[in-house]
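Enquirer: Sequence:
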Amino acid sequence: VSGILVLVSVGFWYWCHSSTGAILPPYPYPYRWLLNHPDKCRERTPFLVLLVVSSPADLAARDAVRRTWGDESAVPGLSVLRLFLLGLHPVFGAELRSVLREEDELYGDLIQQDFLDTYNNLTLKTLMGLEWVSRFCPNATYVVKADHDVFLNLEFLWRLLRPVRTDLATGYVYRHTGPLRNRAYKWFVPREVYPNDTYPPYCGGPAYVLSGPLALRVFAVAQLLPVINMEDAFVGICLHALGVPVTDPPAGAFNMYRLDYDKCRFSRLVMVHHYWPRDLLRVWPHFRNESVKCP
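Residues -21 to -1, 1 to 274, numbered by mature numbering (1 follows the signal peptide of the UniProt record, and there is no 0), are exactly what the sequence shown covers, in order.
Mixed in with the good hints there might be a few duds.
[As the list claims (entries may be wrong)] Just the calculated beta-carbon pair ranges, DEER-fashion:
id, residue 1, residue 2, range
1, F71, P274, 43 to 51 Å
2, H265, L203, 30 to 38 Å
3, P169, Y8, 38 to 46 Å
4, S270, D176, 19 to 27 Å
[Said to hold, decoys possible] Within a straight-line C-alpha distance of at most 20 Å, the following computed EDC-like cross-link-like pairs (lysine to aspartate or glutamate) qualify:
id, residue 1, residue 2
5, K19, D83
6, K19, D50
7, K242, D227
8, K242, D50
9, K165, D227
10, K19, E81
Just so you know, these hints were derived from the structure itself, not from any lab.
Only a predicted model underlies this, so the values are computations on that prediction, with no experimental measurement involved.
Built from N, CA and C at the ideal position, the CB exists for glycine as well.
All chains should be modelled from the sequences, with the hints used to inform the complete structure.
Expert: Structure below.
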């Protein structure tokens, strides 16, 4: 509670470094749903909701995810719901509207609001995903937020998530880090946005896991806190305000740097960063080949 009071007392609004230079209040802002699927969980309770961050023009990346780790039926017995999170393209929003609508009619897995899809709006994109879970799929057991440039091993993650916990936040944990004050970095955070010198512990943005009930609590407390442009750190701020610690995963389970593919090594980890569409499509058939045995 004290964390909430301190942050709210600051009263800073989030400086959104988009092409508009706009000042936005903390989420929720009255963004409009351009694409939505509110009935996805009406007749199902997924074990995992996959919230995959994507840019409107990244059709190839979404296709690769659908054909690899984002395939909802890839792991027998595991109930997965996949959604791609989109904002509005800063330049070609109107031109891409019909393309995205056609893609969504084919796959039914895009959700989009009308904030600008920029790097500094990633926090808004994640909050959109958490809003969707809170409003339309509140009974999900776990929520996985992932970028589209990762390799994910959902089968191994499924093993790690049992027995089920209601207060789990895990991923690659950062501790004792703080905002970069140099404008030369894309991770620049001015003191007007976040005045403290350090962030609470948080899970790295390429992929992290929240238990379903905790995802709902994170979204709720986010309504009380000034939004910052570092999405993963902001989720850590929300967890700190809730008094929920992050949980360290097994050593090496979440890799923030690229690793050369090896099936036996990858079978014992959850995430590897910097795997692009051609990489995923190249290694996935071998990874799923049951004739290739590991000790």
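Enquirer: Work down the list of hints and note, for each, if the structure agrees.
Expert: Consistency of the hints with the structure:
no.: 1; hint: F71 with P274: 43 to 51 Å; verdict: holds (50 Å)
no.: 2; hint: H265 with L203: 30 to 38 Å; verdict: violated (47 Å)
no.: 3; hint: P169 with Y8: 38 to 46 Å; verdict: violated (20 Å)
no.: 4; hint: S270 with D176: 19 to 27 Å; verdict: violated (53 Å)
no.: 5; hint: K19 with D83; verdict: holds (13 Å)
no.: 6; hint: K19 with D50; verdict: holds (16 Å)
no.: 7; hint: K242 with D227; verdict: violated (24 Å)
no.: 8; hint: K242 with D50; verdict: holds (18 Å)
no.: 9; hint: K165 with D227; verdict: violated (27 Å)
no.: 10; hint: K19 with E81; verdict: holds (18 Å)
Going through the hint list in order, the structure does not satisfy hints 2, 3, 4, 7 and 9.
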